[in-house]
Each structure stands twice: as C-alpha cells, then as structure tokens.
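Q: Respectively, the protein sequence lines represent chains A and B. Read in full-length UniProt numbering, the first sequence has 275 at position 275, and its numbers run on one by one without any break. Read in full-length UniProt numbering, the second sequence has 10 at position 10, and its numbers run on one by one without any break.
Treat the hints with care, since some could be wrong.
Same chains, same names: a pair is fine if it fits in one copy or spans any two.
What the hints assert, rightly or not - Below, simulated EDC-like cross-link-like pairs (lysine to aspartate or glutamate); rule was C-alpha separation at most 16 Å, straight line:
no., residue 1, residue 2
1, K64, E280
2, K382, D248
3, K346, D372
4, K76, E105
5, K81, E184
6, K392, E252
7, K64, D104
8, K346, D330
9, K84, D104
10, K166, E232
11, K139, E369
12, K382, E397
13, K64, E189
Please keep in mind that the hints were generated in silico from the structure rather than gathered at the bench.
2 protein chains.
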Amino acid sequence: MLRCILLKNRFVFNKILDDLYLIRQIDLDTKYFESIWEIPEGVVYNSYVLNTSNGSIVFDTVKKNYCSEYIEFLDKNINLKNVKYIVSHHGEPDHSGCVKELSDETNAVVIGHPILGRELSSFYNLTRFKPVNDGESLKIGEYTLVFHYLPWLHWPETIVSHIVEKNVLLTCDIFGSYGVYFNEIYFDELSVEKQREYLIRARKYFANIIGYYREWVLKNIEKTSSIGLKPEIALPAHGLAYRGDSIDLIKEYYLKWSRGEVIDKKIVIVYTSMYRFVEETVNDLASILGENGFKPIVFGFNDTYRSSISDIIGELIDCETIVLATSSYDSSVFPIAKLVAELIVKKIPRNKNIVVLGAYGWGYRVSRELSDIFVKNGFNVKTFDYQAGQHKSIIREIFDKITGSS
Amino acid sequence: MLRCILLKNRFVFNKILDDLYLIRQIDLDTKYFESIWEIPEGVVYNSYVLNTSNGSIVFDTVKKNYCSEYIEFLDKNINLKNVKYIVSHHGEPDHSGCVKELSDETNAVVIGHPILGRELSSFYNLTRFKPVNDGESLKIGEYTLVFHYLPWLHWPETIVSHIVEKNVLLTCDIFGSYGVYFNEIYFDELSVEKQREYLIRARKYFANIIGYYREWVLKNIEKTSSIGLKPEIALPAHGLAYRGDSIDLIKEYYLKWSRGEVIDKKIVIVYTSMYRFVEETVNDLASILGENGFKPIVFGFNDTYRSSISDIIGELIDCETIVLATSSYDSSVFPIAKLVAELIVKKIPRNKNIVVLGAYGWGYRVSRELSDIFVKNGFNVKTFDYQAGQHKSIIREIFDKITGSS
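Turn these sequences into a full structure, and let the hints steer you where they fit.
A: Given below as structure tokens:
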C-alpha cells in the first residue's frame with residue numbers, strides 16, 4: 001500500500017531557507033544500491049535549487065530512471081527558464097543522471113571538476129560544461145558560490161559548493177545516508193530513537209560507499225578545517241540535512257568510522273554454513289561470548305537464508321573483533337565467505353582483530369587461504385580449523401582464541 | 001497452495017522392482033543448494049530399500065532437517081526391525097543426514113568408504129560403521145552387493161553399489177538432477193519436452209555440483225567400463241532414475257559436459273551494471289550477435305535484479321564463448337563479477353573463449369584484473385576496455401573481438 005501512495009509522491013519539494021529549496025526523489029525501487037548493497041529502507045536523491053536575482057542554480061539532479069518526472073516536477077515548483085547553472089558535485093549517475101536532460105531543457109551550463117566534464121561527455125554526450133578550479137568562486141545575483149575539491153569522496157572529481165552568504169555547504173555524497181523520510185528535513189528533527197536508527201543507516205552508507213576512501217575522509221576533513229569552512233547547514237545528496245551541532249556530530253562519526261574506532265567488546269560474527277555445522281558452532285559461540293560480557297552480533301548464510309551484505313559491512317566498521325566462520329568448498333574457501341572477506345578488505349579499517357574459523361569435512365583446511373587475504377592487507381589474524389561436528393569439545397578453545405587468551 | 005499440499009506429502013514411496021523400493025523426500029524449502037545454488041525448481045533426496053530374505057538394506061537417507069519424519073515414513077512402509085545395513089554412498093549431509101538416527105533406531109551397521117567412517121564419526125558421533133574396499137562384495141540373503149569406489153564425484157569417499165542379481169546400480173550424486181517430479185520415476189517416462197527441461201536441470205546440477213571434479217568424471221567412466229559395469233537401471237540420489245538407453249544418454253552428456261564440448265555459436269553473456277551503461281552495451285551486443293547467427297544468452301546483475309548464479313554456471317558449460325561485461329568498482333573489479341569469474345574458474349572446462357569487457361567511468365581499466373583470473377587458470381582470454389556511455393561507437397569492434405575477427 002505504501003508503495004502505491006509513493007508512486008504518486010515520488011518527488012517532494014521543501015523550502016530550506018529563503019531562495020533555497022530541496023527536491024527529494026524517493027526511491028523504493030532500487031533493491032541493490034550501486035547494484036550491490038541491499039537497501040530495503042530505500043534511499044532519497046536530493047537535488048537543491050538556489051533562486052537568485054540573476055537566475056537559478058540547480059545542485060545535482062536525481063537518478064536517471066526518472067528524468068522526465070523530475071523535470072516535470074521541477075517545472076511545477078520553479079521557473080525552469082531561469083535556470084542558468086547546474087552544479088554537478090560528482091559524476092555518479094544517481095545524481096548526474098538528469099543533468100543532460102535538464103541542461104537541454106534549460107540551456108543551463110553544467111559546472112564541476114574538470115574530470116566531471118570528461119565523464120559527462122562520455123556518459124551523456126554533454127558538452128555545455130564549465131570546469132571550476134579548487135576554491136574558485138562564482139558570483140550570481142546576490143549570492144557567491146565557492147567550489148572546493150574534496151577528492152575521492154568517493155569519486156576523484158568530488159566537489160562541494162559553499163553558498164557564502166547563507167553559510168550553507170552542499171556536500172553531495174558526504175554525510176549521506178540510506179532511508180526515506182517524509183516529515184523531516186533535518187537530522188535534529190528526528191526523535192532520539194529515530195536519530196539512533198538514522199546513525200546506523202548513515203554508518204552503513206558510510207561503510208558501503210565511502211569505506212574504501214576512509215583515508216581521504218581524514219585528509220579532506222583536515223582540508224576543510226584548514227580553509228576555515230564552518231557551515232551552519234550541511235546539505236547532502238542522500239538522506240537528511242544537518243545544522244548546528246549535528247554537523248559536528250556527523251563529522252565526529254566520520255572521523256571515528258574512518259579511523260576504525262571500536263565499540264568496546266563488540267564482536268561481529270559472519271558465517272557461511274552448508275549443512276548447519278558451522279551455524280551450530282556460531283550459535284554456541286555467541287552464547288559463551290554473551291555470557292562473558294561481549295556483545296556478539298551474528299550474520300549468516302545458509303541454505304534458506306542470506307544476511308544483508310550491506311548491513312554486515314555497516315556493523316563491521318566499529319567492532320573490535322571480526323569472526324569469519326566458514327566451511328571449505330571444492331578444496332577452497334566457500335565462495336560467499338571469500339566475497340565477504342574481500343569486501344572487508346576494501347571497506348573496513350585494519351585496526352581490528354580477525355579470527356577465521358574453518359570447518360572441514362574430509363580434509364581441506366580453509367582458514368589459511370582466507371586469512372591470507374587479510375594478512376596481506378595488514379590485518380591481525382588468528383585462525384582455527386576444526387572438523388565439522390566437533391565444535392562442542394573445542395568451543396572454549398575457540399572462545400579463548402577470539403577473546404585473546406590464546 | 002502447492003506447498004501446502006506438499007507439506008502433507010513430503011515423502012513419496014515407490015516400488016522400483018520386486019524387493020527394491022524408493023523413498024523420495026520432496027524439498028521445496030531449500031533456496032540455496034549447498035548454501036549457494038538457487039533452486040526454485042526444488043530438489044528431491046532419494047533413499048532406496050532392498051528387502052532380502054535375510055534383512056533389509058537402506059541406501060542413503062535424506063537431509064538432516066527431516067529425520068524423524070523420514071523414519072516415521074519408513075516405518076509405515078517397511079519393517080524397520082529388519083534393517084541390517086545402511087549403505088551411505090558419501091558423507092554429504094543431504095544424504096547422510098539421517099544415518100545416525102536410522103542406525104540408532106534399527107541397530108543397523110553403516111557401510112561405506114573408510115573416509116566416510118571418519119566423517120560420520122565427526123559429524124554425528126556414529127560408531128556402528130563397517131568400511132568396505134573397492135570391489136568388495138556383500139552377500140545378503142538372495143542378493144549380492146558390490147561396492148565400487150568412484151572417488152571425487154564429488155567427495156573423495158564416493159562409492160556406488162551394484163545389486164548384482166538385478167543389475168541395478170545405485171549412483172548417489174552421479175546422474176543427479178534438481179527438480180521435483182511426482183508422477184514419474186524414470187527419465188524416459190517424461191514427455192520429449194519435459195526431457196529437454198530435465199536435461200537442462202541435470203546440466204545445471206552437473207555444473208554446480210560435479211563441475212569442479214570433471215576430470216574425475218572421465219576417469220571414473222573409464223573405470224566403470226574397464227570393470228564391465230553395464231547396469232540396466234541407474235538410481236541416483238537426486239532426481240529421476242535411468243534405465244536402458246537413457247543410461248547411455250546421460251553418460252554421454254556427462255562425457256560432453258566434462259570435456260566442455262560446445263554447442264555451435266552458443267555465446268553466454270554475463271554482466272554487472274551499476275547504472276545500466278554496461279546493460280545497454282550488452283543489449284546492443286546481443287542484438288548484433290543474434291542478427292549474425294549466434295545464439296547469445298544474457299544474464300545480468302543490476303540495481304533491481306540478480307540473475308541466478310546456478311543457472312549461469314549451468315548454461316556456461318556447453319557454450320563456445322563466455323562474455324563477462326562489467327564496470328570497475330573501488331579501483332578494482334565489481335565484486336559480483338569477480339565472484340562469477342571465480343566460479344567459472346572452478347566449475348567450467350578451459351576450452352572456451354572468454355572475452356572480458358570492462359567499462360570505466362573515471363579511469364580504472366578493469367579488464368586486466370579480471371582476465372588475469374582466467375589466464376592463470378588456462379583459459380584463452382581477450383579483453384576490451386571502453387568508457388561507459390561510449391559503446392555505440394565501438395560495438396562493431398566488440399562484436400569482432402567476440403566472434404574472433406580481431
């Protein structure tokens with residue numbers, strides 16, 4: 001039922017400040033963000049409009065599936081003829097998807113990083129493009145825009161736009177989150193409980209999308225400090241906006257997540273189980289860990305169920321210890337366990353303990369092959385192999401291995 | 001509705017010949033066979049019983065989730081007190097799942113390869129075990145059983161049982177298939193159309209489960225010839241039974257699939273597409289290939305849809321050329337494309353052409369990293385990189401690459 005209602009309300013229009021407006025495209029159709037991350041909570045693409053006495057500027061557009069609806073909706077809410085510029089903060093098609101159509105419709109020039117120009121030309125044959133330099137400003141009517149390069153968050157051409165007179169920063173994917181909200185524009189409008197849920201979604205988004213570029217988060221936060229950027233409002237291209245203290249809050253989380261700061265005693269166990277032997281081990285292990293004051297969170301893949309990989313990667317980012325428990329398969333690692341291991345290597349900071357538990361049936365010891373993936377990427381790894389069905393006699397040994405006693 | 005009916009009929013009892021019976025466990029609950037292969041068509045576990053004047057023998061059991069129902073069902077159809085032996089052809093728990101319970105219930109001794117003894121001891125703490133040697137026979141009542149080792153199909157301890165007086169061979173996973181059938185026992189009872197469908201399911205099963213062990217298929221078929229095994233009936237542990245000519249037919253297919261014999265002009269394209277650029281390429285490519293007499297089959301992964309990996313691997317086994325088209329991701333291969341590549345390396349014979357198409361946005365050339373996976377495993381690989389959005393200008397070049405003109 002909700003989806004039916006949403007089909008009529010795929011776009012939402014809100015005022016942020018005088019002259020500054022938000023257009024949200026509600027997306028509950030995408031099952032796999034970036035074609036890999038499961039997002040049952042949906043996602044929103046935020047496009048912004050600044051009206052000036054000398055024309056309007058649109059900041060980012062929406063996903064390319066819905067361009068005609070987007071432009072039709074824009075047309076109802078702003079004067080399309082007035083659009084002079086489209087700022088495209090980066091080229092990923094969930095935001096750049098309609099710049100070509102909008103530029104064709106309005107004759108507006110697209111502004112962005114020089115690399116973006118090449119992308120838009122390749123993706124959409126767009127030629128109406130004006131590159132900007134790092135720190136370059138654009139005066140339009142009563143407003144000044146300054147563009148800052150914050151590269152590799154998460155594409156190389158990422159820029160942010162500072163509307164100087166309003167001290168508003170448009171941040172593109174930075175500070176973005178999954179999830180769909182109708183009644184709130186700002187994070188601080190959520191209840192305390194909803195804020196907690198939102199931060200879990202923001203962490204998941206961070207880990208999935210920004211995780212691989214975490215070193216660049218640190219560099220770029222340093223850069224924004226050094227150039228004295230202290231916006232009163234931060235407007236990301238997904239999820240809710242931030243103002244006042246909540247900007248510092250999300251920035252603090254970005255620092256923690258990038259550094260891999262851990263929540264005390266938080267252990268995430270991910271397992272694959274062909275015939276429930278590994279699952280039994282993991283269940284017993286989680287019990288013992290819980291009884292001893294640890295906080296285990298368990299994700300699994302078996303013959304009837306698959307955990308969400310996007311949730312797994314989200315939870316891993318602030319745990320102390322990762323346990324990856326798996327069986328062998330065709331004299332090698334179980335394929336899904338390898339996929340998870342490789343995503344961990346990409347997305348998760350190295351300062352975590354990893355314990356690999358390998359269960360075998362007729363011989364092959366799987367832990368070494370899996371742990372090699374981690375070791376060569378700088379993780380601290382312990383391994384433990386055991387014969388399937390025999391975990392009860394050694395569960396204490398496994399516990400000691402995980403908790404550092406051995 | 002079908003599922004509701006099935007819940008009451010989870011087990012089916014059939015007579016094969018005088019004294020020889022089949023118990024089928026219908027499984028429409030398992031979504032991922034071996035916790036990886038999607039099987040919407042379901043699967044059946046076949047257990048067989050031979051009644052002799054000196055007691056009964058049960059050959060294989062069913063998946064461990066349903067032991068009490070299985071034993072209850074057996075009890076209704078045979079005299080449980082008469083069961084003297086349980087032959088367990090290999091240790092994988094979809095067949096060995098209830099040997100412990102059945103052995104405890106009946107005091108029957110479990111017979112199998114020596115390696116199986118260690119597995120059953122580890123998995124289920126089973127000790128009532130009698131190992132048999134390759135070629136060893138067991139006389140029981142009026143029947144003679146001969147056990148043959150056919151190792152690595154697909155576990156090392158695989159044996160088959162020959163009931164000499166009936167010239168019936170019980171083959172465990174060999175000649176198995178996915179799919180659930182109620183009205184037929186034998187493959188040759190299917191209509192021509194249903195036989196065609198069944199062979200696609202059997203090929204999928206073969207590729208998924210036996211694919212990695214295809215060299216052992218060739219060795220073991222040679223072995224069965226050299227020892228003069230020519231059964232009149234072959235009874236696998238999944239799917240339908242074979243008799244007469246259809247035994248030769250399925251054996252021929254096993255030889256073809258193991259050798260990687262190709263269907264002329266069959267091309268399978270597998271793609272991952274983050275924002276539909278690769279998808280557009282693949283659609284245009286499939287059109288051109290079709291227009292030129294090739295038979296392209298397309299599988300894809302995008303933001304709303306994931307093809308079935310089990311179907312992909314099934315289709316690949318007899319194609320001439322595999323095209324893997326993908327985008328780059330975090331300066332590397334898109335993770336699902338890598339998973340598919342690694343499954344191809346495991347399951348598919350090397351005598352196929354592989355063409356890797358890599359689409360990039362801002363720079364990273366993905367084809368090399370993917371093709372390396374294939375090259376180091378002995379495949380013949382061609383690569384082609386192009387900037388996303390630019391395929392129309394080069395689609396002919398891609399066509400030539402695939403069809404061998406360049």
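Q: Could you tell me which of the numbered hints above are not met by this structure, giving the numbers in increasing order?
A: Per hint list: 2, 5, 6, 11, 13 violated.
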